[in-house]
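Given these sequences and hints, build the entire structure.
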Amino acid sequence: MIFLVSVGCPMPERLLLCTDLDRTLIPNGPQPESSQARNQFAALAADPRLVLAYVTGRDRQLVHEALASYQLPQPDFVIADVGTTIYSIEPDGNWTADEVWETRIGADWNGRANEDLQQLLAGTPGLRLQEEHKQNRHKLSYYLALEANLGAVARNVMERLRAADVRARVVWSIDEQANIGLFDILPESASKYHAVAMLQQLQGFTDSDTVFSGDSGNDMEVLTSSIPAVLVANSDPQVQQEAIELAASSGHSAQLYIARGGYNGMNGNYSAGILEGIAHYHPQWRDR
Numbered sequence: 003m004i005f006l007v008s009v010g011c012p013m014p015e016r017l018l019l020c021t022d023l024d025r026t027l028i029p030n031g032p033q034p035e036s037s038q039a040r041n042q043f044a045a046l047a048a049d050p051r052l053v054l055a056y057v058t059g060r061d062r063q064l065v066h067e068a069l070a071s072y073q074l075p076q077p078d079f080v081i082a083d084v085g086t087t088i089y090s091i092e093p094d095g096n097w098t099a100d101e102v103w104e105t106r107i108g109a110d111w112n113g114r115a116n117e118d119l120q121q122l123l124a125g126t127p128g129l130r131l132q133e134e135h136k137q138n139r140h141k142l143s144y145y146l147a148l149e150a151n152l153g154a155v156a157r158n159v160m161e162r163l164r165a166a167d168v169r170a171r172v173v174w175s176i177d178e179q180a181n182i183g184l185f186d187i188l189p190e191s192a193s194k195y196h197a198v199a200m201l202q203q204l205q206g207f208t209d210s211d212t213v214f215s216g217d218s219g220n221d222m223e224v225l226t227s228s229i230p231a232v233l234v235a236n237s238d239p240q241v242q243q244e245a246i247e248l249a250a251s252s253g254h255s256a257q258l259y260i261a262r263g264g265y266n267g268m269n270g271n272y273s274a275g276i277l278e279g280i281a282h283y284h285p286q287w288r289d290r
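Residues in the sequence shown are numbered consecutively from 3, following the numbering used here.
These are calculated hints, taken from the structure and not from any lab test.
Among the hints, erroneous ones may be present.
What the hints assert, rightly or not - SDA-like cross-link-like pairs, simulated, lysine to any residue; straight-line CA separation at most 20 Å: (1) 136 <-> 151; (2) 136 <-> 64; (3) 136 <-> 24; (4) 136 <-> 184; (5) 136 <-> 69; (6) 136 <-> 122; (7) 136 <-> 175; (8) 136 <-> 182; (9) 136 <-> 146; (10) 136 <-> 68; (11) 136 <-> 61; (12) 136 <-> 181; (13) 136 <-> 108; (14) 136 <-> 172; (15) 136 <-> 183; (16) 136 <-> 178; (17) 136 <-> 66; (18) 136 <-> 117; (19) 136 <-> 176; (20) 136 <-> 118; (21) 136 <-> 114; (22) 136 <-> 62; (23) 136 <-> 177; (24) 136 <-> 171; (25) 136 <-> 67; (26) 136 <-> 174; (27) 136 <-> 116; (28) 136 <-> 63; (29) 136 <-> 200; (30) 136 <-> 97; (31) 136 <-> 99; (32) 136 <-> 104; (33) 136 <-> 147; (34) 136 <-> 199; (35) 136 <-> 180.
No experiment lies behind these values; they were computed from the predicted model shown.
Here it is, written out as structure tokens:
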């Protein structure tokens, strides 16, 4: 076991753990998973003082599939669709959408919905509409070839939306298995970071008793914010370097930890990295 230096946070009565799923908690990347990591994660999740939220680009259906396929602990909350939906999960498994959040972010689109933005963006070079089940009222998702000029496409999209008085943001990520870019258009105030901040507010958490974990560029806003965050060891080295630079420029270097392995004899990949990050920020939780 390596010695981890605490950043000095006191032992919280509760801890809000917000984690990305794919290639963060879910071991679906090329790197190996430590054999006992998910079991140790499940034991931690069973502590009644831990509030668990999954923060993902997946929709509700795909989250259900992940829970079953990877035997993941049932969360207390799910932030889905890249931050455009927040669900509370009851002990009986019932999901309830937060309508206040959907109303708040919907104001950015000036009363418009997914279908309206599709019309505004019709014919945009390079964009191919994703399947219907990957869309929702406040998330418009396209495919974009990896070799495409991302900057030019994003500028074209934003110019069209601004002309229609639509406040939006673009989130770019990569589906490594399909080798294709994912181009999501969201309300300006909708993102993983904004949704996590909303969940903190609703549940009475602060940054001192919250930890976020992620692995990729669409986690970057949270990774480099004031919220204590961990990048799992299997994250891309370029993502790690970008996160280090952005955290430094925003004055949040102390709130970013990159798992390196060695904690409890594990390699720091996936859930092992999440556990390592929690032990870094809150050593008192390491044996729970």
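Taking the hints in turn, this is what the structure says about them:
This hinted pair does not check out: residue 136 and residue 151 have alpha carbons roughly 23 Å apart, beyond 20 Å. A hinted pair counts as satisfied when its Cα atoms are at most 20 Å apart, and residue 136 with residue 64 qualifies at roughly 9 Å. A threshold of 20 Å between alpha carbons decides the hint, and for residue 136 with residue 24 the separation of about 16 Å falls inside it, so the pair holds. With a C-alpha separation of about 11 Å, the suggested pairing of residue 136 with residue 184 holds against the 20 Å cut-off.
With a C-alpha separation of about 18 Å, the suggested pairing of residue 136 with residue 69 holds against the 20 Å cut-off. Between the alpha carbons of residue 136 and residue 122 the distance comes to roughly 19 Å, so the proposed pair stays at or under 20 Å and holds. Under the criterion of a C-alpha separation no larger than 20 Å, the hint pairing residue 136 with residue 175 is consistent with the structure, at around 14 Å. For the suggested pair residue 136 and residue 182, the alpha carbons sit about 15 Å apart, so the restraint of at most 20 Å is met.
This hinted pair checks out: residue 136 and residue 146 have alpha carbons roughly 15 Å apart, not beyond 20 Å. With a C-alpha separation of about 15 Å, the suggested pair residue 136 and residue 68 falls inside the 20 Å cut-off, and the hint holds. A C-alpha spacing of about 7 Å is found between residue 136 and residue 61, which places the hinted pair at or below 20 Å, so the restraint holds. With a C-alpha separation of about 17 Å, the suggested pair residue 136 and residue 181 falls inside the 20 Å cut-off, and the hint holds.
Annotation: proposed proximity of residue 136 to residue 108 holds, straight-line Cα distance about 18 Å (limit 20 Å). Proposed proximity of residue 136 and residue 172 is supported: the alpha carbons are some 16 Å apart, at most 20 Å. Taking the CA atoms of residue 136 and residue 183, the gap is about 14 Å. The hint holds against a cut of 20 Å. With a C-alpha separation of about 17 Å, the suggested pairing of residue 136 with residue 178 holds against the 20 Å cut-off.
At most 20 Å may separate the alpha-carbon atoms for a hinted pair to count; residue 136 and residue 66 meet this at roughly 14 Å. Distance check on the hinted pair: residue 136 and residue 117 sit about 13 Å apart at the alpha-carbon level, within 20 Å; holds. Of the pairs offered as hints, the one joining residue 136 and residue 176 holds, with about 15 Å between alpha carbons and a cut-off of 20 Å not exceeded. Taking the CA atoms of residue 136 and residue 118, the gap is about 16 Å. The hint holds against a cut of 20 Å.
Between residue 136 and residue 114 the CA atoms are separated by roughly 18 Å; this keeps the pair inside 20 Å, and the hint holds. With a C-alpha separation of about 10 Å, the suggested pairing of residue 136 with residue 62 holds against the 20 Å cut-off. About 13 Å separates the Cα atoms of residue 136 and residue 177, which keeps this hinted pair within 20 Å; it holds. Distance restraint check for residue 136 and residue 171: the Cα-Cα separation of roughly 17 Å lies within the 20 Å cut-off, and the hinted pair is therefore satisfied.
In summary, the hint linking residue 136 to residue 67 is supported, as the alpha carbons are separated by about 14 Å, within the 20 Å threshold. For the suggested pair residue 136 and residue 174, the alpha carbons sit about 15 Å apart, so the restraint of at most 20 Å is met. For a cut-off of 20 Å, the pair hint linking residue 136 to residue 116 stands: about 11 Å separates their Cα positions. Distance restraint check for residue 136 and residue 63: the Cα-Cα separation of roughly 10 Å lies within the 20 Å cut-off, and the hinted pair is therefore satisfied.
For the hint pairing residue 136 with residue 200, the CA-to-CA distance comes to about 23 Å; that exceeds 20 Å, so the pair is violated. For the hint linking residue 136 to residue 97, the alpha-carbon distance of about 18 Å falls within 20 Å, and the restraint holds. Of the pairs offered as hints, the one joining residue 136 and residue 99 holds, with about 17 Å between alpha carbons and a cut-off of 20 Å not exceeded. Restraint check: the Cα-Cα separation between residue 136 and residue 104 comes to about 17 Å, which is no more than 20 Å; the hinted pair holds.
Distance check on the hinted pair: residue 136 and residue 147 sit about 18 Å apart at the alpha-carbon level, within 20 Å; holds. A distance of roughly 24 Å separates the Cα atoms of residue 136 and residue 199; the hinted pair therefore is violated under the 20 Å criterion. A distance of roughly 15 Å separates the Cα atoms of residue 136 and residue 180; the hinted pair therefore holds under the 20 Å criterion.
Checked against the numbered hints given earlier, this structure breaks hints 1, 29, 34; the rest are met.
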